[in-house]
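Asks: Now for the letters of each chain:
There are 2 protein chains.
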Amino acid sequence: MSTESLNAPGTTFAEGHAAVLSAAARSSVEHEDRLKASTDRSGFVAASLPEGVVFAQDAGEVAEVLRRATAHRVPVVPRGAGTGLAGASSARQGEIVLDVSGMNQILRIDPEEQLAVVQPGVLNAELNAAAGQYGLFYAPDPASTAICSIGGNIATNAGGMRCAKYGVTREAVLALRVILADGRELRTGRETIKGVSGYDLNALMIGSEGTLGIVVEATLRLRPLPVQTATVAAFFPNVEQAARAASAVVAARIQPSMMELMDGQTLEAVDAALGTDYRSRGASFLLVQTDGHGAFLEQDVVMDAVSPFGICERAVDDEQAAALVTARREAIPSLEKLGRVSIGDVGVPRGKLADVVSGLEAIAERTGVRIFTIAHASDGNLHPMIVMDPEESVTEGPPKVALGEMFHLAKSLGGTLTGEHGIGLLKRDWLQEELGDVSLEVMHTIRQALDPLGILNPGKAI
Amino acid sequence: MSTESLNAPGTTFAEGHAAVLSAAARSSVEHEDRLKASTDRSGFVAASLPEGVVFAQDAGEVAEVLRRATAHRVPVVPRGAGTGLAGASSARQGEIVLDVSGMNQILRIDPEEQLAVVQPGVLNAELNAAAGQYGLFYAPDPASTAICSIGGNIATNAGGMRCAKYGVTREAVLALRVILADGRELRTGRETIKGVSGYDLNALMIGSEGTLGIVVEATLRLRPLPVQTATVAAFFPNVEQAARAASAVVAARIQPSMMELMDGQTLEAVDAALGTDYRSRGASFLLVQTDGHGAFLEQDVVMDAVSPFGICERAVDDEQAAALVTARREAIPSLEKLGRVSIGDVGVPRGKLADVVSGLEAIAERTGVRIFTIAHASDGNLHPMIVMDPEESVTEGPPKVALGEMFHLAKSLGGTLTGEHGIGLLKRDWLQEELGDVSLEVMHTIRQALDPLGILNPGKAI
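One line per chain: the protein sequences are C and S, in this order. FYI, full-length UniProt numbering numbers position 365 of the first sequence as 365, with every residue one higher than the one before it. FYI, full-length UniProt numbering numbers position 396 of the second sequence as 396, with every residue one higher than the one before it.
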């Protein structure tokens, strides 16, 4: 979309941008800020820079930014912690970035109702630390928990390691305050656990990558911290065996609170980064946690299910368990030490885990691209990691070919392009193929109805 | 909305209705069929009769009905088992009823992926029986499980007794095939557990009461049947104590698979219908089930939490446990023997359970209306049952006043008009007050975008 066509009659680009930038107390047109806002953690960099960044401190400023953006037809790209993995907050020429990372207050924690009211810039880990003081936790836990913000989690419907048991962001959001494209404030959802009055606008907003509105406050469901957690670490001769072990856990009617798979190459990278020696114990790894009052009874079932496929051990204490979880959480940072990383995010039906793992190996061989595999094994969501040389990019050459083949592999197995990271700018090329014409048309119809000028994060999500 | 204005230029009402009715092999204009389609189980009867009923046998017929309805501007009211509790399928003059209850095939059960593919007319209990053969179950379980259909469950985002632990219909639907107002087929969702490509059209359709499209096929998530279930029955001197006991269970960090509350009057009605003697044991009742590998460990915690408030007993065997669940499931039929019943459905934050119960008693006293209370106590969803004389109606007089006061009570406690039954025609009067103008406008905007002629179930849901 040409930004020229967006501009309101009678105003120049520069006037429009200046009006939007001055809608809040703080803004910047510094090169450094614009450069930062042109990318995220996906490895995708927009081909141009946005015009400037406006830093909102409250809902009123967000509304004023959008009112002016509407008046001047200026496209606005919302941005939180900038840790997205699909280029959904990467901004380009003609666009103004609306940075809400400064709206980072935890407004209320209600331990009795087990809920929290937060601003979008609150970091996932900050919320968990605050909730922990009341014996509660916030379930969605992206690997980036320490650096990602709740607003971004909502924009992408983020998952994480615990979501197979406790649900993704959609299941954790009770209510939202959203500023619409024209500056009106919309309230979605409610504080009750259940409620069906009207359409589910909560769910419509969640995962829409800021293309339907900008979240300025969220009421989130907290859960009681499990009374106990049991941890199993298992090592296998190859990654297919690990995948089969994971399927065996599902078949044994256990719902782990965490079931994480890493391949041998990733173990090597983790060992190099952390000084551990996991790779010496096997060529793939499965971490299975069960929790709650039945945690150790369930652990027995996990041990029985996994043992036929490899060597498994119970963590002897919380410290050992924490070290294993850290190894998994450090997988991405460890790989980032090897080169430029692009994080895949395909999802497949759970029984296809071994098939997709073999398929990924074949893609790596065929394209010559290095692919490391980690997976949320209990919901069939894999993160194949493409590790490139610094000058390579996932938007061209063999890495792009590999990315496309990954999607086609997932699709051929009944799966999806993205389990939890979103579409952004990175995966748009394959979206139509997954969704089909009618679905995409309906999404564009809804988008058009809510944001007729198309000023909210144009070109993302759909 | 006048049906006249809907009619396409150049066609008469009669021509339009005839064209729609002849779009499928079977239809009826018999008085009996039209009368049946003017009501449901809500106690609400539309003031007029629809023009006829067309019985679709497959997706192709549904699409043809809607294509013709669009061509002739004929409003269409989808109908499944007719067990709705909000008048959402009650049809009126000028409307044609599209009955999909004949589309009642279970198309596939995949035990490995733990999913089922079904047509909308499949009854909830039929699906559970079929899934049970594979050691699986379908979690949403309205009290009407034996007679309600999956299509209706989806249209209302139905809950039930197990949903506090296992989620409502939204959490159980993986994918849908939907026929849009103009006859196009939309596919929403996917077979994977997670997936975030594009907007969450699954959730948008779920609970939209057939105003955005008509579901012709659903892919549903099944879960492994719990390895064991532990049951506690507790009796209390009054209903406030039962509510406090329920809150104590939540505070004890237990997620029961079922926590059902009944007041003393309801126990009397159940005793009269079943020949039991529960009322002699207390003036209110709480049934708490825990399940899974930790079921009996959790039961110990439940006993400790509930004991301070009343007398509690563990069910000695499965038979006794089943009898207790039956007592709860038979509550509504038992009350229906006492008079004409209107089933309320308010939701409140869980800690407000005792407050809302006291408030309901005050409403009964003030209005002279008989209100019996049952509740899904672990998610704050109450079903206050108004029992009337046969000539009374919930659309006028003291019952209507009581219904309005119930809503205002729930709202004053931070709650909602409807936890799981929906809006239909019955609760529209209070919807704007709950949602506010912007929210309702956004919903109408979406509705307008997807069904510009407004032919799908006009006047319902929003």
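Please note that the accuracy of each hint is not assured.
Just so you know, same-sequence chains aren't split out, so a pair can sit in one copy or run between any two.
[Said to hold, decoys possible] Calculated cross-link-like contacts (lysine to aspartate or glutamate; reagent style DMTMM-like; alpha-carbon spacing at most 25 Å): (1) K194 to D355; (2) K165 to D300; (3) K400 to E15; (4) K194 to E171; (5) K337 to D300; (6) K165 to D110; (7) K411 to E112; (8) K337 to E32; (9) K411 to E185; (10) K194 to E441; (11) K194 to E405; (12) K165 to E112; (13) K194 to D429; (14) K400 to E64; (15) K165 to D317; (16) K400 to E336; (17) K337 to E268; (18) K400 to E126; (19) K194 to E433.
Think of the hints as simulated: they come from the structure by calculation, not from any bench.
Asks: Next step is simple, just say for each hint if it's right about the structure.
Replies: Do the hints match the structure? See the list:
no. : hint         : verdict
1   : K194 to D355 : between (38 Å within a copy, 18 Å between copies)
2   : K165 to D300 : both (18 Å within a copy, 23 Å between copies)
3   : K400 to E15  : neither (38 Å within a copy, 56 Å between copies)
4   : K194 to E171 : both (11 Å within a copy, 12 Å between copies)
5   : K337 to D300 : neither (37 Å within a copy, 50 Å between copies)
6   : K165 to D110 : both (23 Å within a copy, 20 Å between copies)
7   : K411 to E112 : between (44 Å within a copy, 19 Å between copies)
8   : K337 to E32  : within (24 Å within a copy, 74 Å between copies)
9   : K411 to E185 : between (38 Å within a copy, 20 Å between copies)
10  : K194 to E441 : between (30 Å within a copy, 22 Å between copies)
11  : K194 to E405 : between (41 Å within a copy, 20 Å between copies)
12  : K165 to E112 : both (22 Å within a copy, 18 Å between copies)
13  : K194 to D429 : between (37 Å within a copy, 20 Å between copies)
14  : K400 to E64  : neither (39 Å within a copy, 43 Å between copies)
15  : K165 to D317 : within (22 Å within a copy, 29 Å between copies)
16  : K400 to E336 : within (18 Å within a copy, 64 Å between copies)
17  : K337 to E268 : within (12 Å within a copy, 70 Å between copies)
18  : K400 to E126 : neither (35 Å within a copy, 47 Å between copies)
19  : K194 to E433 : between (35 Å within a copy, 18 Å between copies)
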